[in-house]
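Make the complex out of the two chains shown on their own, each in a separate frame, by following the hints.
Protein sequence lines correspond, in order, to chains E and G.
Each residue of the first sequence is one higher than the last, beginning at 0 in numbering that gives the first Met the number 0.
Each residue of the second sequence is one higher than the last, beginning at 0 in numbering that gives the first Met the number 0.
Don't read these hints as lab results, they were simulated from the structure.
Because the structure is a prediction, the values reported are computed rather than measured.
Every residue gets a Cβ at the ideal spot worked out from N, C-alpha and C, and that includes glycine.
Treat the hints with care, as some may be off.
Think about it this way: if two alpha-carbon atoms lie no more than 30 Å apart in a straight line, the pair counts; the simulated DSSO-like pairs of lysine-lysine are [unchecked claim]: (1) E/65 x G/67; (2) E/221 x E/152; (3) G/193 x E/306; (4) G/193 x E/307.
Far from chain G, some chain E residues (derived; all Cβ distances over 12 Å) [said to hold, decoys possible]: (5) 20; (6) 206; (7) 286; (8) 309; (9) 327.
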Amino acid sequence: MAYEALDFYDIDSLLTEEERMVRDMVRDWVEDRVLPNIEDACRDGVFPDEWRVEIGEMGILGAPLKGYGCPGLSYIAYGLICQELERGDSGVRSFASVQGSLAMYPIWDFGSEEQKEKYLPGMAKGDLVGCFGLTEPDYGSNPGDMITRAEDKGGHFLLNGAKMWITNGTIADLAVVWAKLEGEIRGFIVEKGDEGFSAPEMKGKHSLKASVTSELVFQDCKIPKDRILPDVKGLRGPFSCLNNARFGISWGAVGAAQSCFNSAREYALSRIQFGHPIASFQLVQNKLSWMLREITKGQLLAYHIGKKKDDGSWIPEQISLAKMNNVDMALEIARMSRDIHGANGILDEYPVMRHMANLESVKTYEGTHDIHNLILGRHITGIQSFTREP
Amino acid sequence: MGVAVLLKQVPDTTAKIGISGGRVDESSITKWSISPYDEYALENAIKLKESGHGDVVAITCGPARAAKCLTEAAAVGADRLIHILTESSLDSIQVQSLLSAAVKESGCDVVMCGKQAADTNSGSTGPGLASSLGFSCVGGVTGVSMEGDVASATRLGPSGLEEVEVGVPCVFTFDKGDTELRRPNVRGIMMAKKKPIDSLTPDDLGVDASNSKVSIKSHSSPPKKQPGQKFVGSESVPEVVNKLREEANVI
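Okay, chain G solo, but in the shape it has when bound (with noise of 0.2 Å):
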């Protein structure tokens, strides 16, 4: 019984990346945040715990600075906080197997999570994680109610909107849908402040995060986006055609 709630501590999207040496430059971040579709899943999981689904607890994974996004996600109810300490950048599969062995330590039979983190895109984590643990997954949801230990989720398809059942234990990747985030007040900070995180690193877990099988060569700035071009009076017609059938290609 209870949820655990994967969180992912990214840019905030509003945030400047800068690059320097064919890396991201940290230290140009000013913002860190959640991920924007793992806040959904919280938001999910906390309204599971409210329904009787046991306890939230939040886990991520993530150098010193991510222990704040379990101590917001404590903010707004989370009962219980991980923070499986890394240092060094991991493959998808290292992700996934020191999340699998936190989850399997929390003993929650649901799992929730982002459908893709905001910064790599990628998609990985909750299909991988359910792999590695034999849960099944059901991804992009928008919702989850359960009744006993068969749950039912809401999702976007083909032609309109999906129910879908499953038995628990089970991984579900959020996808934005009309959920709305809680506010937290200043009571939920002040317990947040109090609430202990527990901090694991990989060698706790019994995870070997030292080799990664992926890596990641060199970060870049995408090309700058060239200069609109304005042409001014009847006189540039021609020009504006040419240019539409031969640059832009649209006619």
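Chain E with its partners taken away, still in its complex shape (with noise of 0.2 Å):
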């Protein structure tokens, strides 16, 4: 049967026919190219080398960057892109949000003439990979005490220190890394082969096991000094790349949801027990009900909060919201839906479990859940608890 996607309230009307276009081919892309192959991906524990090429050539990289050959998308585009490719997986969408968000954003945004010009075209092609190192082993949600430093050596900056949980830090040409240079936390290009540089895969996850994740190790890794980002200095530089990124997932986890509920309806409608389909039955109607209303709702969080990303309008607590809530909303509808394909849930004939074991990584990178509500606790009552210092 072929995909419906659910738009209970026809978010459908909403969007320019430009949107809609865009949303369908990433739509038929990831209904052609991922699905079948997204249980062998996942078993391999490898992200396809041929999808890198394929999202690249469908222009989707970086889709709400304007210049320098990104394709200049609206925002709710973007998020479009993010619902479809997580429809598939979670694994797919982290690839484009990582390089789109995380690797080019900060690149276009505070990046030197020059940067921008060696390194774009070529990311917004998927012909060059970038990753993103803010993340520390001892320094998750707090970035601001990481430990990796840069030295001005004169010639050359040094690096020195670990990175780790980074997303296609090993397939990756390029990373954008933050390391503090006397004191203040600055980003820094870093490429493949440069001295004292390298990528060790992590392995051994339950989750996102499609997407490649690694540590980022520097040892005296020597850098030309116009590898640094001219125009950002503290923490606003990554945390406005994690704003995009967030944005991206509060869409993302809505064709995760989506997918799930989907599952479950066509599994409710053909399983019989008792002699009816379980669909028939009240328990299994609330929970199908419940998915509905919160999946709609996730769906308006999005649409409202793309608009005002491009409107200019928003603030950063408005993306912390909406990544929060739909993420945990995801979770909550992959575990449903488990519930409602009975044992069946578990097999990779449905993609389920699988949606789930993803949604508890998304439910913690870019901000974990209760950061998410300390940011927003700090925004209703004017005190932040994030630290005991006052």
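What follows is the structure, encoded as structure tokens:
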């Protein structure tokens, strides 16, 4: 049966023709290329390289960025792209999020003219893969205390330290790395092959198995002086990247939830117990109706914050709310969908267990669920509660 | 010079079709698409353009919603878009008259379309158009290449693949074959948005679209498939054999 995305409040009617066409293009690609191959990719623990090529050919990387060969689409279109990719798999959406929002965006916003010319056109085509190094083994929610250091050696910078949980790290041609230079957080572009830089892959994940996750290790890593991002200092740099990525996640989570809802609905209609389809039982209908309700609310949140991104009237706390709510909603729906599928729900014949396992990561990365609560708590009360220090 | 490709917008092959008052209820159709065989025609038209045979002119005939298939065609490479705007339902001769007037207007000497539409399946447009334009017609082809004014087309014949040579002007109707459809990309979609659509009425084309000689009296859903029957245990064998003999007539 063909995929019919849940759209109870007709969000479709609010989209421009261009947005719909971009959405349909990505939806068709996911249908043709991701869904038939995703379970093998997960089993093998790889992000198939042809997906990188094809995503590049579609021209969706760095979707909302303008100039330097970037697509220049609306934030709504960027959201729709994330939604469709994550309907396939959170790992595929992660690839695009990291490339666009975390690697291309800081170069586009904070890079020098030469850096933009050098990297962005290739990155938009998927010929160059980027990653983003902020989190460290000992500093996740608290990146401000990072250990990674850069030293100005006159003719070059010397980087020392390690990053962890870096999506795309091992397959990346360049890394946007945040490190302290004279006590201040700055962004640096490190290229594959730079002396003293390595990116070993992290193995053994039960989640995001079709996505590459790596460590970045800098041991007296020597990089030229023109690789510093000139236009940003402090946590504002990485945080502005995260705002864009979190925005994409709020849409992506809707896609994963739509996939789980669809599978649950189809399964409930075809599974006969006690002589009737289980969809005819009130407890199952109650679950389906709860899913419909939560997805619809999540879609409206995502759409509205998309409009605010497009007109520039957003605040970061609104993105925190959308990311936190939608991922939480999607994870609950994945679990509930698994429940409706009974034992069948654990099989890879259905997408639900995979989405569920993926969403456990999505709940934690790009600001954990709890950290987003603290961001909102600070917004409501004016009192920060991240640290005991005043 | 140039390739006209005829695109019909039909309910997506996966769409649910609702009937109300003896008519297909169009509001129940959530997705409209280019008729699949027409997509093969479009892909081959673009290939022909890439090999140097002029521009691709995409033509559709239908209500306002049909403009979408022109924009989709532009996103993968159609150069000029013509929409023959019609509201009432037309018979095949009328559609062929409208399309041939538009093809004449476009100046194209090669016309490509699907071998049949996914909704009506009548297969009359290509041959009818060729007849009204006085063009040659080769049906059910899967690929076309051009050398000067001579086209060679591949089609599935009775004993394998046939290579057919034909001079222009001509009409090709397309079968699926192993043609791979190209995917649009963002750049194409953004260009398509800017491409103007020439909207023409039957009057503009000098065609009388008022009196259909053939009209559809009513639509109805096909009869519901009977549920399967289940037999358990060896004691049911005589009953099954009896049913296979008497009801299914297979033994």
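These are the hints, each one checked on the structure:
1. A threshold of 30 Å between alpha carbons decides the hint, and for residue 65 of chain E with residue 67 of chain G the separation of about 26 Å falls inside it, so the pair holds.
2. Proposed proximity of residue 221 of chain E and residue 152 of chain E is supported: the alpha carbons are some 9 Å apart, at most 30 Å.
3. The hinted pair formed by residue 193 of chain G and residue 306 of chain E meets the criterion: a straight-line CA distance of about 22 Å does not exceed 30 Å.
4. For the hint linking residue 193 of chain G to residue 307 of chain E, the alpha-carbon distance of about 25 Å falls within 30 Å, and the restraint holds.
5. For residue 20 of chain E, the requirement that its beta carbon stay farther than 12 Å from each beta carbon of chain G is not met, with the minimum near 5 Å.
6. Against the 12 Å criterion, residue 206 of chain E stays outside the reach of chain G, whose nearest CB is about 29 Å from its own CB.
7. A cut-off of 12 Å between C-beta atoms confirms that residue 286 of chain E is not in contact with chain G; the least separation is 24 Å.
8. Its beta-carbon lying about 16 Å from the closest one in chain G, residue 309 of chain E satisfies the requirement of being farther than 12 Å from that chain.
9. Interface exclusion of residue 327 of chain E from chain G stands, the closest Cβ pair being 29 Å apart, more than 12 Å.
The structure does not agree with numbered hint 5 stated previously, though it agrees with all others.
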